[in-house]
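**Q** Residues per chain are reported as follows:
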Amino acid sequence: NAGVMQNPRHLVRRRGQEARLRCSPMKGHSHVYWYRQLPEEGLKFMVYLQKENIIDESGMPKERFSAEFPKEGPSILRIQQVVRGDSAAYFCASSSDRDQPQHFGDGTRLSIL
Amino acid sequence: GQQLNQSPQSMFIQEGEDVSMNCTSSSIFNTWLWYKQDPGEGPVLLIALYKAGELTSNGRLTAQFGITRKDSFLNISASIPSDVGIYFCAGRTSFGNEKLTFGTGTRLTIIP
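Taken in sequence, the protein lines are chains A and B.
Number 286 in our numbering belongs to position 108 of the first sequence; there are no gaps in the numbering.
Number 100 in our numbering belongs to position 85 of the second sequence; there are no gaps in the numbering.
By construction, these hints were calculated from the structure, which means they are not laboratory data.
A hint or two may mislead.
[To be verified] Derived Cβ-Cβ restraints for the label pairs, each shown as a range: (1) B:Glu-30 <-> A:Lys-249: 46 to 54 Å; (2) B:Val-59 <-> A:Val-261: 26 to 34 Å; (3) A:Met-183 <-> B:Pro-96: 24 to 32 Å; (4) A:Arg-262 <-> B:Thr-83: 35 to 43 Å; (5) A:Ile-232 <-> B:Ser-72: 36 to 44 Å; (6) B:Glu-56 <-> A:Gln-258: 24 to 32 Å.
Think of the CB as a built atom: it goes at the ideal place given N, C-alpha and C, for glycine as much as any other residue.
With the hints as constraints, model all of the structure from the sequences given.
**A** Structure below.
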C-alpha cells in the first residue's frame, strides 16, 4: 500500500509479553508517524519521528510504549507488558517532508490473549 | 483535543448514484485530507487540500476546503462497486504540528 511496509501483519501476544511492530517508510521518506485504530473508529495519532529523533509523542501513552527510528533500519513501535486494551490495528505512515501528505501502510493487527 | 465530526456515518446507495459526505471541526485546520480504507488495509490518500476555498478533483472525486477552514466535503460522482469502503477525512491544525486528526468515517455501501 503506497510502498510503506509494515510487519508483521498480524501479531498475537499473551498479557505481559512484549510486542514489537516494524515499519519501513516509502523510499526517500524520512518522516514516520504511528497511529492506532480501534474497530469502527478513526485513526488516533501516537507519535511522529524523523530519523533518530522523536518530534512529537503527545499521543503515546507515557508507560509501556516507546518508538524509535534508527539511522539504519525500520521504525519500531514497542509495547511492553501488553494488556487486553492494547488490542488494535497499528498503522504507520511516512512522508517526504513534514508538510507533505502522509501515506499509510496496511497496518499490524495486534491481538492480546 | 480537536474533533472532526464526519457525516453521514453510513450511506447505502445504488450504483451510478452520486455521493456527498462532509467533515466539520470546532477548530481551524490548515490542511484537509480525504482517505479511503478497505477492510484489512491501510488508508489510501484520495485528495489533499491546502488552501481555504480550494476545490480539487481526482477523477470522479471532488473535494473542497471550506472558506471558514472548519469544514470540507467530498463528492463522488457516478458511483461504482469499487467505491465501497470507509472514507475518512483528516486535518492538520498548523504547520509544525504534523499529526493528523481523523474523522469518524463514512461507510459507503452500494446496493446491487
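**Q** Are the hints correct? Go through all of them and say.
**A** Status of the hints after comparison with the structure:
Checked against the hint of 46 to 54 Å, the C-beta distance between Glu-30 of chain B and Lys-249 of chain A comes to roughly 50 Å, which is consistent with it. Under the hint 26 to 34 Å, the C-beta atoms of Val-59 of chain B and Val-261 of chain A, about 31 Å apart, fit the expected range. The given range of 24 to 32 Å is respected by Met-183 of chain A and Pro-96 of chain B, whose C-beta atoms sit roughly 28 Å from each other. Judged by the Cβ atoms, the range 35 to 43 Å given for Arg-262 of chain A and Thr-83 of chain B holds: they are separated by roughly 42 Å.
For Ile-232 of chain A paired with Ser-72 of chain B, a C-beta distance near 37 Å keeps the hint of 36 to 44 Å intact. Look at Glu-56 of chain B against Gln-258 of chain A: about 28 Å separates their beta carbons, and that is inside 24 to 32 Å.
Checked against the numbered hints above, the structure breaks none of them.
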